[in-house]
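Engineer: Sequence:
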Amino acid sequence: MIQRIGLLVASLAAALTLATALAVAGMGSPPAAPADLVVPAAVSAPATTTEPPVQVDTVYIPPPVEPQTIVVTQTSRGGGESDDHESGSESGDD
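Going letter by letter, the sequence shown gives residues 108 to 201 in the numbering used here.
Keep in mind that a hint or two might mislead.
[What the hints assert, rightly or not] So the derived label-pair ranges between C-beta atoms look like this:
hint: 1; residue 1: Val166; residue 2: Thr127; range: 44 to 50 Å
hint: 2; residue 1: Val166; residue 2: Leu129; range: 38 to 44 Å
hint: 3; residue 1: Pro171; residue 2: Ala120; range: 48 to 54 Å
hint: 4; residue 1: Val161; residue 2: Ala128; range: 37 to 43 Å
Everything labelled a hint here was simulated from the structure, so no lab data went into it.
Since we're looking at a predicted model, the values are computed, not measured.
By construction, the Cβ of each residue, glycine as well, lies at the ideal position given by its N, Cα and C atoms.
When you get a sec, could you build the whole thing from the sequences and use the hints?
Structural biologist: Below, the structure is given as structure tokens:
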């Protein structure tokens, strides 16, 4: 039971530390603007500047090269044994 209480206290401390750090860094909600500085959107003047048309460029990207298919028709000889051990016994008991 004491472990659960310790875990709860540590979790609350970590959450409080994280919230404080984010608030100091300016990641919190922005402060509310005073009512006298808020301008309704209908009153603002429309933008009269015209932007030049955007030119779109077409870029060709070649398709990726597919790897060649390699077909193996030769099977391996033996079980990986070397030529020295073909005689059978090594002790010389012939």
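Engineer: Each hint needs a verdict: does it hold in this structure or not?
Structural biologist: Verification of the hints:
1. Distance hint check for valine 166 and threonine 127: the Cβ-Cβ separation is about 49 Å, which falls inside the suggested range of 44 to 50 Å.
2. Taken as a hint, the range 38 to 44 Å holds for the pair valine 166 and leucine 129, whose Cβ atoms sit roughly 42 Å apart.
3. Remark: the range hint 48 to 54 Å for proline 171 to alanine 120 is upheld by a beta-carbon distance near 53 Å.
4. Checked against the hint of 37 to 43 Å, the C-beta distance between valine 161 and alanine 128 comes to roughly 42 Å, which is consistent with it.
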